[in-house]
Amino acid sequence: MTSLLTFPKGGVHPPAAKGLTSHLAIETMPVPDELEIILGQHIGAPCTPTVNAKDEVKEGDVIGEVTKGLGVPLHAPIAGTIKGMGQSAHPMRVTAPSIILQTNKEISAPRYTPKDWHSQTKDELLKRIHGAGIIGIGGAGFPAHVKLNPPKDNPVDTLILNGAECEPYITADHRQMLEQSHEIVEGAKIILKTLGITNCHIGIEDNKPDAIAAMTAAAGSTPDARITVTPLQVKYPQGSEKQLIQSITGRKVPAGALPSAVGVVVHNVSTTKAIYDAVALGKPLYEKVLTISGQAINRPANLRVKVGTKVKDIVEYLGGVKPSLAKIVMGGPMMGFAVSTLDLPVTKTTSSVLFLTEEEIDTRPHSQCIRCGWCLEACPMGIEAKEIAIHVEAGRPQDTAQFGVFDCFECGCCSYVCPAKRPLVQFIRLAKMKAKR
Amino acid sequence: MPASTQRLLKVSVSPHVRSRESVERIMWTVVACLVPPLILSVFIFGIQTLIITAVSVISCVTVEALSQKALGRRITIHDGSAVITGILIAFVIPPGVSYLMPVLGAVMAIYIGKHLLGGIGFNIFNPALLARAFLLATFPVAMTSAWLPPLKDMAIFSYLATPIDAVVTATPLAVLKTQGLAAFTEHFGAIPNLYTTFFLGWRPGCIGETSGLLIVLGGLYLLYRGYITWHIPVSVLTTIALGTWCFGGETLFSGDPLLAILSGGALLGAFFMANDYVTCPVNRTAQLVYGVGIGLFTVLIRLKGGYPEGICYAILLMNPVSSVLDSWFKPKRFAPPLGGGQ
Numbered sequence: 001m002t003s004l005l006t007f008p009k010g011g012v013h014p015p016a017a018k019g020l021t022s023h024l025a026i027e028t029m030p031v032p033d034e035l036e037i038i039l040g041q042h043i044g045a046p047c048t049p050t051v052n053a054k055d056e057v058k059e060g061d062v063i064g065e066v067t068k069g070l071g072v073p074l075h076a077p078i079a080g081t082i083k084g085m086g087q088s089a090h091p092m093r094v095t096a097p098s099i100i101l102q103t104n105k106e107i108s109a110p111r112y113t114p115k116d117w118h119s120q121t122k123d124e125l126l127k128r129i130h131g132a133g134i135i136g137i138g139g140a141g142f143p144a145h146v147k148l149n150p151p152k153d154n155p156v157d158t159l160i161l162n163g164a165e166c167e168p169y170i171t172a173d174h175r176q177m178l179e180q181s182h183e184i185v186e187g188a189k190i191i192l193k194t195l196g197i198t199n200c201h202i203g204i205e206d207n208k209p210d211a212i213a214a215m216t217a218a219a220g221s222t223p224d225a226r227i228t229v230t231p232l233q234v235k236y237p238q239g240s241e242k243q244l245i246q247s248i249t250g251r252k253v254p255a256g257a258l259p260s261a262v263g264v265v266v267h268n269v270s271t272t273k274a275i276y277d278a279v280a281l282g283k284p285l286y287e288k289v290l291t292i293s294g295q296a297i298n299r300p301a302n303l304r305v306k307v308g309t310k311v312k313d314i315v316e317y318l319g320g321v322k323p324s325l326a327k328i329v330m331g332g333p334m335m336g337f338a339v340s341t342l343d344l345p346v347t348k349t350t351s352s353v354l355f356l357t358e359e360e361i362d363t364r365p366h367s368q369c370i371r372c373g374w375c376l377e378a379c380p381m382g383i384e385a386k387e388i389a390i391h392v393e394a395g396r397p398q399d400t401a402q403f404g405v406f407d408c409f410e411c412g413c414c415s416y417v418c419p420a421k422r423p424l425v426q427f428i429r430l431a432k433m434k435a436k437r
Numbered sequence: 001m002p003a004s005t006q007r008l009l010k011v012s013v014s015p016h017v018r019s020r021e022s023v024e025r026i027m028w029t030v031v032a033c034l035v036p037p038l039i040l041s042v043f044i045f046g047i048q049t050l051i052i053t054a055v056s057v058i059s060c061v062t063v064e065a066l067s068q069k070a071l072g073r074r075i076t077i078h079d080g081s082a083v084i085t086g087i088l089i090a091f092v093i094p095p096g097v098s099y100l101m102p103v104l105g106a107v108m109a110i111y112i113g114k115h116l117l118g119g120i121g122f123n124i125f126n127p128a129l130l131a132r133a134f135l136l137a138t139f140p141v142a143m144t145s146a147w148l149p150p151l152k153d154m155a156i157f158s159y160l161a162t163p164i165d166a167v168v169t170a171t172p173l174a175v176l177k178t179q180g181l182a183a184f185t186e187h188f189g190a191i192p193n194l195y196t197t198f199f200l201g202w203r204p205g206c207i208g209e210t211s212g213l214l215i216v217l218g219g220l221y222l223l224y225r226g227y228i229t230w231h232i233p234v235s236v237l238t239t240i241a242l243g244t245w246c247f248g249g250e251t252l253f254s255g256d257p258l259l260a261i262l263s264g265g266a267l268l269g270a271f272f273m274a275n276d277y278v279t280c281p282v283n284r285t286a287q288l289v290y291g292v293g294i295g296l297f298t299v300l301i302r303l304k305g306g307y308p309e310g311i312c313y314a315i316l317l318m319n320p321v322s323s324v325l326d327s328w329f330k331p332k333r334f335a336p337p338l339g340g341g342q
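Sequence order for the protein chains is Y and S. Take the first sequence: its letters are residues 1 to 437, numbered as in this note's numbering. Take the second sequence: its letters are residues 1 to 342, numbered as in this note's numbering.
By construction, these hints were calculated from the structure, which means they are not laboratory data. A few of these clues could be false.
[Claimed, not checked] The following label-pair restraints were derived from C-beta to C-beta distances:
1. S:74 - Y:434: 51 to 61 Å
2. Y:9 - S:338: 15 to 25 Å
3. Y:110 - S:24: 57 to 67 Å
4. S:47 - Y:19: 27 to 37 Å
5. Y:16 - S:124: 33 to 43 Å
6. Y:250 - S:304: 22 to 32 Å
[As the list claims (entries may be wrong)] Keeping only pairs whose Cα atoms sit at most 27 Å apart, straight-line, the calculated BS3-like set for lysine-lysine is:
7. Y:312 - S:69
8. Y:322 - S:177
9. Y:252 - S:177
10. S:332 - Y:9
11. S:152 - Y:434
12. S:69 - Y:421
13. Y:436 - S:69
14. Y:432 - S:69
15. Y:115 - Y:127
16. Y:18 - Y:322
17. Y:436 - S:330
18. Y:18 - Y:58
19. Y:105 - Y:122
20. Y:421 - S:152
21. S:69 - Y:9
22. Y:115 - Y:193
23. S:332 - Y:421
24. Y:58 - Y:252
25. Y:83 - Y:105
26. S:10 - Y:252
27. S:177 - Y:432
28. S:177 - S:152
29. Y:312 - Y:322
30. Y:252 - Y:436
31. Y:127 - Y:152
32. Y:18 - Y:312
33. S:330 - Y:421
34. Y:283 - Y:105
35. Y:283 - Y:58
36. S:332 - Y:434
37. Y:432 - S:10
38. Y:432 - Y:421
39. S:10 - Y:18
40. Y:152 - Y:252
The C-beta atom is built at its ideal place from N, Cα and C for all residues, glycine as well.
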């Protein structure tokens, strides 16, 4: 038995599929001819364009701004000419407004050199992080500067860096922890300074021993930053914010509350790297490390691409897809979205694109619930998925709050284990939508 | 994608990978676990147990297909659940009954007990036990006078040639109930030997309930595969053992707990009937309470009721309580919202 930390209840063990890409160093993909930069990349208000058609922009120029509400600016990923405003395909919203940028590869990229950031005040740091367009790029897309400025009545004492990366297939964080461990640790120190605390844990699942070693080596502790690497048991959804906090600190974030309610702030390791880039290099967030994987892509890879790069261009760069392709998923296999087009642009929150074969997926039709109770055992939140599903099927989604429908963060463990193949997460999504009305 | 390779992509909701387990796999594994006791029953009671079981399985599958066709539902006879019901119906009837019994049982179990209530997952009562209760109530003589003594010398075809009336015997629980312990030991042998012969299955009883060993092995395999948990079998058997020890003897605390578990259908009920997914509670704590309830009713019926055996009715009595128990014992939520609410 292992003594590694984990959350006590629920979770599943999907078959490991990280071996396709975990050994592949991050490579930079050549900039394609055209980028489609979606205006709404984060939770909150989408950006309003600050450029017009035919404008020339340089790499890192602001091209979109949020004037009202929660949000961060958007930057040009590369020099070029604004071709116009468009509608891009979007994995969740079908289409979304975007800026179309004709890239100009003649203009060389700006050089970013590290500068000392220690003299900056908390407000200056937050301003830089906001100005660089940093959001949680682990998936949620929550503006980073807001997380770094927690409500005053909840004193924060611990920073947790999420390096769990529990979704099968995805290795983008793994490779960044391996190749950019010093930048991540420096980013952690920046975050600790903005929060005014010294205690940081980096949670990494035990299936990435090389990343654990690299981060441990980089995490030299000083009086103003005690950074500990905490290996965690391999169990999905170890990287879920609430489960990660429980695994490492034993604290439970109450339903409907933020992690700061229990004195914790969580950032993804790749967000932390982006914060380092923003503060130490002055480089805005307009690139993204992605895992392109699955049995149906000719060449799996960990790619650094410009935000706005279309999946089509990535597929072409990696030598196309195999005839066995059955499903394309933006994001991980547990929480990602199946898409029907290659014309989708990469956003700041895209962590992977998977090209899956029939053998890797499972689209068997579902049958009636046999009350095996496996969904209850698998749910880390103690939600009664089977009851919610039965109520939704019976046309009574409004009665599902009692079964914990609003605690669900849609990790998919219940659907994963269901022997009747019932789309329990989807029933819960429907219940949430209908119950809110 | 180039037009030449253009095909339709699948687009469905997350998660996109799912566990390999399926209803079919669970059901057919249970069927596999029921095969060894079935084979042994041929050696204990003769080849007609196999014929009864075959009649029962074929009737159940046919009734399932006809019911689904009649009710306009997808035909799911390949999922194995009707096969299990068929085997279990045969397992809980005496080995000397006429072949009409399992056919009637199948109609009761599958059409009335299962499909009229909504099909798999919606039946309140365990279909096989419903069939047994129905047969016992409507054909009491046929269902209580067809017990056969175990065969000697492996003559598995012997009962086929003999009229059943010539060989009928009484079950251990019936002897114990009506004639007492002295007659019981005279009939079936001294206690220490009894444990072994009963555990191996060499005693009169229903077709599938006699071989404790093979039933326990099948149950342990299901436990190993994670298809069942220990909660219901352990609580049922512990309660039967404790209840019998307390009240099953001439005086308090003089009953024989081991004999109580080895005789009748206690083991089959605890491992293959009481923990039927559809009709038992899903919450672990609720399952413990449910199991204790079954154990108590079993002891009560065996000692004070009108039948020598009680587990069938005990399970049927607790079946409808499942959903109540589930609403009493809800899973523990991760963390309540601040300041109560919801």
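Evaluated hints:
no. : hint                      : result
1   : S:74 - Y:434: 51 to 61 Å  : 26 Å, violated
2   : Y:9 - S:338: 15 to 25 Å   : 20 Å, holds
3   : Y:110 - S:24: 57 to 67 Å  : 60 Å, holds
4   : S:47 - Y:19: 27 to 37 Å   : 54 Å, violated
5   : Y:16 - S:124: 33 to 43 Å  : 42 Å, holds
6   : Y:250 - S:304: 22 to 32 Å : 51 Å, violated
7   : Y:312 - S:69              : 47 Å, violated
8   : Y:322 - S:177             : 72 Å, violated
9   : Y:252 - S:177             : 56 Å, violated
10  : S:332 - Y:9               : 10 Å, holds
11  : S:152 - Y:434             : 67 Å, violated
12  : S:69 - Y:421              : 23 Å, holds
13  : Y:436 - S:69              : 39 Å, violated
14  : Y:432 - S:69              : 35 Å, violated
15  : Y:115 - Y:127             : 16 Å, holds
16  : Y:18 - Y:322              : 19 Å, holds
17  : Y:436 - S:330             : 23 Å, holds
18  : Y:18 - Y:58               : 37 Å, violated
19  : Y:105 - Y:122             : 37 Å, violated
20  : Y:421 - S:152             : 49 Å, violated
21  : S:69 - Y:9                : 42 Å, violated
22  : Y:115 - Y:193             : 16 Å, holds
23  : S:332 - Y:421             : 24 Å, holds
24  : Y:58 - Y:252              : 46 Å, violated
25  : Y:83 - Y:105              : 15 Å, holds
26  : S:10 - Y:252              : 38 Å, violated
27  : S:177 - Y:432             : 57 Å, violated
28  : S:177 - S:152             : 26 Å, holds
29  : Y:312 - Y:322             : 14 Å, holds
30  : Y:252 - Y:436             : 25 Å, holds
31  : Y:127 - Y:152             : 18 Å, holds
32  : Y:18 - Y:312              : 23 Å, holds
33  : S:330 - Y:421             : 23 Å, holds
34  : Y:283 - Y:105             : 19 Å, holds
35  : Y:283 - Y:58              : 13 Å, holds
36  : S:332 - Y:434             : 25 Å, holds
37  : Y:432 - S:10              : 25 Å, holds
38  : Y:432 - Y:421             : 21 Å, holds
39  : S:10 - Y:18               : 22 Å, holds
40  : Y:152 - Y:252             : 20 Å, holds
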